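**Q** Residue numbers (the numbering used here), protein chains in the order written: chain A, 1 to 151; chain B, 1 to 138; chain C, 1 to 131.
Keep in mind that the hints were calculated from the coordinates and are not lab data.
Possibly wrong hints are sitting among the right ones.
Unchecked claim - Sample of chain C residues with no beta-carbon within 10 Å of chain B, all distances over it, derived:
| hint | residue |
| --- | --- |
| 1 | K37 |
| 2 | K54 |
| 3 | V76 |
| 4 | R104 |
Stated by the list, open to error - Some but not every residue of chain C turned toward chain A, in silico, with C-beta under 8 Å:
| hint | residue |
| --- | --- |
| 5 | P35 |
| 6 | L88 |
| 7 | V94 |
| 8 | K100 |
What the hints assert, rightly or not - Mimicking DSBU-like on lysine-lysine, the simulated pairs with C-alpha atoms at most 35 Å apart in a straight line are:
| hint | chain 1 | residue 1 | chain 2 | residue 2 |
| --- | --- | --- | --- | --- |
| 9 | C | K59 | C | K96 |
| 10 | B | K34 | A | K140 |
| 11 | B | K34 | A | K75 |
| 12 | B | K109 | C | K54 |
| 13 | A | K14 | A | K138 |
| 14 | B | K60 | A | K14 |
From a predicted model like this one, the values you see are computed outputs, not experimental measurements.
We put the beta carbon where it would ideally sit given N, CA and C, even for glycine.
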Amino acid sequence: MESLEFKLDKWTFKVPKNLMYNENDCWAKIDGKLATVGITDFLQNVMSDIVFVELPKIGDKIEQFDEAGSLESIKATLDLISPVSGVIEEVNNELSNAPDLANTDPYGKGWFLKVRLTDFESDEENLIGADAYLEVIKKKAEKEQQRLKKG
Amino acid sequence: MSEQKNKVAVAVCTGMDQPLATVARYAGYHVLEKLRPDTTVLLCTPALLGGVQEDIDFVKNNPALIIDGCEERCCEKIVKNSNGKIQGIINVKDVLKGHSDLQPESRVKLGPKGMKLAEIVGEIAAKRVDEILEAGKA
Amino acid sequence: MSEKKVAIVACTGMGKALGTVARQVAYKVVEELRPEKTVLICIPSMAANVGEYKDQVKKYPSIILDGCVERCATKVISENNGTIKGRLFLPQLVKKYGLKPGARTDIGPEGEQLVAKIAEEVAGQVDSLLQ
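In isolation and in its complexed conformation, chain A is listed as follows:
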């Protein structure tokens, strides 16, 4: 998986080129009518160790920008803001036993949802590519630097 990278102090934030992103630090991998959704490397770093993930149910309908679950770390609780609209086809149950997968492999085994897309043509207008998301996290990283440094 080819990625762009942004380095800040000792952290390297990876942004895979083949994914799409929203400004709430979620990614979507589009495979035809199906989207896999997760959180970015940047977000998992800022959140620190994730201890609990709450996911929606299979069959739930979601709109882009809806809350599609939540994650709790030792530092904060955050809602997952869906990057796409559709019907939840699958959820990653591995995250119940091992929520830290979202930290260790955010773009792979730490995926959150699979969504059967219903309106990707509209959704796409509100998504950004890797280059644009890299710029987003560069701005956020300076603000988050003190939070990152505090562990």
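Start from chain A and add chains B and C according to the hints.
**A** Same frame as chain A, but now just chains B and C:
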């Protein structure tokens, strides 16, 4: 693309055995969080041992300042083994010699004197950070 | 007959508050709860070949306290041929006990409660191992 400015990697002994190791720990936090937050990065010594790549890479590519707790100099040895570029070493035991009234209470709780000693070590470390960065510009 | 004890290994990481919590738990177990039945392992000293830690880790079963996903204490003890008989992953215990530590320099009252709970859990594991 990197947005890095010059920073000093501060590596602390993190030992469990001696009270002065706990002093070193709090001195490291004092430098990073209070005194030089913009010019230091805290290295996690156990992470170097555990093979955490971001710590290993950072210590190889940036000047390192060691804060060791005793004459065993474990942190110095660990950073050397990780190919770190050591530019400064502070030993808490040496600092204590000049401030013998500031004995920490215990390794679990430093107490006011131990915390004061940690602050003094932190201040010495902060000056050393400045010197390292200044030398790096020359 | 060799004396039976358990080696308590805290990650003692600097980066996160749970590194400080791990450290405090280890002290509580070794100094207060099970002083006759445990030995405290200092990972940096062990790595620097200082003291008897490498021998102790080979001799006694280990209970590991890892403070984050890197699980450094587990890796270090495995590499030093230690026998790991208990592994506590502290982020999971934050959720289990519903107690979040404060800062890494001051874990706060919830952090102190978390230390007490985890230390009791470790003490129970020590007893089970030495039965």
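**Q** Now look at each hint and say whether the structure bears it out.
**A** Hints and how they fare:
Every CB of chain B lies more than 10 Å from the CB of K37/C, the least distance being 17 Å, so the non-interface label holds. Annotated as non-interface, K54/C keeps its C-beta farther than 10 Å from every C-beta of chain B; the closest such distance is 13 Å. For V76/C, the condition that its CB be more than 10 Å from all CB atoms of chain B is violated, with the nearest at approximately 5 Å. With a minimum CB-CB distance of about 7 Å to chain B, R104/C fails to clear the 10 Å threshold, and the non-interface call is violated.
The beta carbon of P35/C comes no nearer than 29 Å to any beta carbon in chain A, farther than 8 Å, and the hint placing it at the interface is violated. Proximity of L88/C to chain A is violated relative to the hint, the smallest CB-CB distance being about 13 Å (cut-off 8 Å). With a cut of 8 Å, the hint placing V94/C at the interface with chain A holds, because the nearest CB-to-CB distance is about 5 Å. Because the closest C-beta pair between K100/C and chain A is about 6 Å apart, less than 8 Å, the hint holds.
With a C-alpha separation of about 32 Å, the suggested pairing of K59/C with K96/C holds against the 35 Å cut-off. With a C-alpha separation of about 22 Å, the suggested pair K34/B and K140/A falls inside the 35 Å cut-off, and the hint holds. For the hint pairing K34/B with K75/A, the CA-to-CA distance comes to about 20 Å; that is within 35 Å, so the pair holds. Taking the CA atoms of K109/B and K54/C, the gap is about 27 Å. The hint holds against a cut of 35 Å.
Of the pairs offered as hints, the one joining K14/A and K138/A holds, with about 12 Å between alpha carbons and a cut-off of 35 Å not exceeded. Distance hint between K60/B and K14/A is fulfilled; the C-alpha atoms sit about 21 Å from each other, no more than 35 Å.
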